[in-house]
Amino acid sequence: MMRSDDLVMLYSGPDQVDYAYLSPETAGVYQNKHGSFQHRSLVGKAFGTRIRASNSDGWVDALAPTPELWASAVRHRTQIVHQLDAAVVCFELGVRRSSVCAEAGTGSGAMTGALSRSCGSVHTYEFNEARATAAQGEFERNGLTNVTVRHCDVCEEGFRDLDVDSVDAVFLDLPEPWRALPHALRVAKPGARIATYSPCVEQVHRTRDALSTCLDLRTLEVRQRDFVVKDVLLETGLAPPAKRRKDYQNEDDAPRRYANCAFLAWF
Amino acid sequence: MVDAGDEVVLWTSQGTYLFAEAKVGSTFRWTKRERVRVDALIGAPFGATFEIRGGALVRAAPRGAATTVEDDGERRDNRWLADDNRAQRLDADDLKRMRRDGASGEAIIDALVAGSDTFAHKTQFAQQKWLRRKQNKYLPWVRVLEPRAATIAAAYFSRGNLLPHRVVLRPDTVAQLVARANARDGAKIITVDHSGGVALAAILERIEPSGKALVPHRGPFEALRRCNLTDLDRRVVCFSLDETPPPQGDSLVLVAKTDPIANLDALLPLLCPSAPIVVYSDTVEPLAAAYAHLQASGLATAILLSETWLRDFQVLPNRTHPTMSMSATGGYLLSATKIVVADAA
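Chains R and A, in that order, give the protein sequences. Position one of the first sequence corresponds to residue 1 (this note's numbering), numbered consecutively onward. Position one of the second sequence corresponds to residue 1 (this note's numbering), numbered consecutively onward.
Hints may be right or wrong, so weigh each one.
[As the list claims (entries may be wrong)] Here are the simulated DMTMM-like cross-link-like pairs (lysine to aspartate or glutamate), alpha carbons at most 20 Å apart as the crow flies: (1) A:Lys96 - A:Asp3; (2) R:Lys230 - A:Glu307; (3) A:Lys137 - A:Asp185; (4) R:Lys189 - A:Asp3; (5) A:Lys137 - R:Asp216.
If you're looking for bench data, these hints aren't it; they were derived computationally from the structure.
Extracted from the complex, chain R is given alone in its bound form (with noise of 0.2 Å):
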């Protein structure tokens, strides 16, 4: 049931994936492109309602936040790590709730939310202040109280109240993950899993010479590829059509190639 004050994704189409924290009190309003519509109009309906315009035939999907749609959602204060990456890398961390994990860099805390559900507890550390204190917020408001951030380069101060040997897992996207590799197995338990992320196969040559002393290293890049589904009728005939069709009815529809391709290492 959503209440005053609840996080509620508001969906669309896969390009318009909004959120809202409700306000009823306060007459607040979710508009898009599609009409408006009025939070007092959710309140009191189940998470997976679909809602009508108050203005206009169009339609908003309020479903339950998951990390998912948050990274969909969230506003990007850095290149986030996309839910494709984030899931393969939570299952190779081999994440559960038992586990204690760092990351670096929080950025805009799309994975910190991945993180979040599988672990036991999230630390973020992030060097930009700005950027610490705003995922920080979102967090609390979000209830992901499993997290915590910390203002802290962690190439130059290593992972900051973290014991030797305490985390079971490590994620590292950083433009110089290497020179936080050090710290990261300071802080590693014997048999700790870590992955970086890295756009550039430069940054996995050094980032593997900063391994060396570790097992099973694998690298992988993964892409995902979306398909459309759609009744076509075709006409016969060896001359081209008459008529000039439209491919697609809508530009959802259009086929979408996902470039979040990105090498990972894992040790």
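Following the hints, position chain A against chain R.
Just chain A now, with coordinates in the frame of chain R:
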């Protein structure tokens, strides 16, 4: 640490996975004729490396790092190489005799190097690769791995050809599956699992300690037995479609050999609104039909049909490239979110 009685996964120097039980006197099949005792596993930390000596595992120094070959500054190439299969002077009988006489792996590799007319003419990179292959074969080792969901998935995937009656999931597809299903602590996840328990193992890892997997059939879930899970009866709860009141789920995961549309029709009513739905198939057509079915039903939003593409890389100085062969497809995933339509105000 490996406790007595634990199920473990062994990763071999030849790149294969084996299952074993860490029990005194227990063995696993190593070659057609050779079985190996596992006693040394007990008390070892996960990640430890073992050699195989005299039919038993023996704890050894970590392996798997690249072998280095001294650079003598000489340029070599294969312009004189005649591919006539006569480069090696030792034949299979010689090797058999050496093994019977108890020659060590090192001695056999030295003899193979000495017996090779072409080894000295290979480039250093080629020598290194050749040596690593021989070492993996004649000085075999295994590494003991914790049977977490990712390890179990990788082991089952590598042995997939042995399981024609199962859905064989590529590990990265399992990763997408549990993420899109929003599997988390406390969730009740309705799961149809025809993968032998590989999908369930990943779900259970995510929903601990208080979540449950609700399954409409009793198995077989033999992969779960390999995960050292206690309390399976509490975590995996069997239900019947005739139950009153029917159980309610927070997510639906279908990894089935059976028709997705019929399964969706049967199980969608059990989902609460906003519940994620994830359906796997190794062919795309049944999911295209299910996509259209969901769209027409008006019961789902954010419908997405996709496949993931996975490429591993060899990363070595001057030799970085995608691995020579990769899996062509990890199958297809259809995901959606259940909705209800508000009454007209």
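Consistency of the hints with the structure:
1. About 37 Å separates the Cα atoms of Lys96 (chain A) and Asp3 (chain A), which puts this hinted pair outside 20 Å; it is violated.
2. Annotation: proposed proximity of Lys230 (chain R) to Glu307 (chain A) holds, straight-line Cα distance about 17 Å (limit 20 Å).
3. Of the pairs offered as hints, the one joining Lys137 (chain A) and Asp185 (chain A) is violated, with about 44 Å between alpha carbons and a cut-off of 20 Å exceeded.
4. At roughly 19 Å between alpha-carbon atoms, Lys189 (chain R) and Asp3 (chain A) fall within 20 Å of each other, so this suggested pair holds.
5. Of the pairs offered as hints, the one joining Lys137 (chain A) and Asp216 (chain R) holds, with about 18 Å between alpha carbons and a cut-off of 20 Å not exceeded.
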